[in-house]
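The listed protein sequences correspond, in order, to chains A and B. Here our numbering is used: position 57 in the first sequence is 57, and no number is missing along the way. Here our numbering is used: position 63 in the second sequence is 1063, and no number is missing along the way.
Warning: the hint list may mix true and false statements.
For the chain B half of the interface with chain A, some residues (derived, Cβ under 8 Å), not all of them [said to hold, decoys possible]: (1) Cys1012; (2) Ile1039; (3) Gly1043; (4) His1049; (5) Tyr1087; (6) Lys1099; (7) Phe1102; (8) Gly1103.
In short, the hints are calculated from the structure, not lab data. Bear in mind the structure is a predicted one, so any value in this text is a computation, not a measurement. Cβ coordinates follow ideal geometry from the N, Cα and C atoms, glycine included.
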Amino acid sequence: DTGVSQNPRHKITKRGQNVTFRCDPISEHNRLYWYRQTLGQGPEFLTYFQNEAQLEKSRLLSDRFSAERPKGSFSTLEIQRTEQGDSAMYLCASSLVTGRRTDTQYFGPGTRLTVL
Amino acid sequence: DAKTTQPPSMDCAEGRAANLPCNHSTISGNEYVYWYRQIHSQGPQYIIHGLKNNETNEMASLIITEDRKSSTLILPHATLRDTAVYYCIVRATQGGSEKLVFGKGTKLTVNP
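With the rest of the complex left out, here is chain B:
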């Protein structure tokens, strides 16, 4: 079973920031938080991952709370092409399970 909880759906206006929350209250010290998204009928696309520090790349920012029990993915200026299902996944470093365990994710709809 997935170790994360996400809202099933969210809406965002085009050009505004999209903030997608994820709860992972049982996360272990050696587990990373990964975010992927899946646009309709395509394979999942890697977005970002982090352990305990906030991370930023060209796609998004990841904010992880100090206790690591929750995180937020931020798309700073959402576009219509960001409409997708967003998955938050916790995954151990080498030595733990190697597979990704997906939940149902959050369906983000960006509206014009």
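The following block holds chain A by itself, in its conformation from the complex:
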């Protein structure tokens, strides 16, 4: 399978714990996006990278959230001191930008986080 993969698929944690999610994009895709989706809502943008550079962050990305893409390949999203409001599906997408053409984002299956 050469699609976007995310691990773990499910995570249950207690309030106050730290969690880290991983996203592996489609091979050679230079852009990687993180979104969050709560029940009954559409996905909401969190941040995106072009290669290893983080180019945009949403105001939803509080200082408890940090994302990295150290070598321009896989990415991690860490949430420190989790709160019950962090319970959501965390989605990763990747795309290939070439020249001036707009890119199509392809999504992974998501990581469902439940904070007790």
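Knowing the structure of chain A, use the given hints to seat chain B on it.
Coordinates of chain B only, in the frame set by chain A:
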């Protein structure tokens, strides 16, 4: 906020065409119309996108009105597996915002 308006829900009989409308009256000249769908508990799946010409691929057809203020996604022969939430999104070409802004979409239910 999403720049599109979609009906919250629609029903379609299996084997019939499903026509999903989307209004985007404030669309700019450099904005594309994208369609994604999301089957329960899965990540969004890309369907199709277009700028001003009608587009067709193996999944669907996209019809964009001449004034570009609305569009229709057509699933020519809906199956039960097409039951999903369908999102219509307008997005700028390179140089605009890179993120996808999702609304609440249309929940399509295909009935046997």
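Against the structure, the hints come out as follows:
| no. | hint | verdict |
| --- | --- | --- |
| 1 | Cys1012 | 21 Å, violated |
| 2 | Ile1039 | 11 Å, violated |
| 3 | Gly1043 | 4 Å, holds |
| 4 | His1049 | 7 Å, holds |
| 5 | Tyr1087 | 6 Å, holds |
| 6 | Lys1099 | 4 Å, holds |
| 7 | Phe1102 | 3 Å, holds |
| 8 | Gly1103 | 6 Å, holds |
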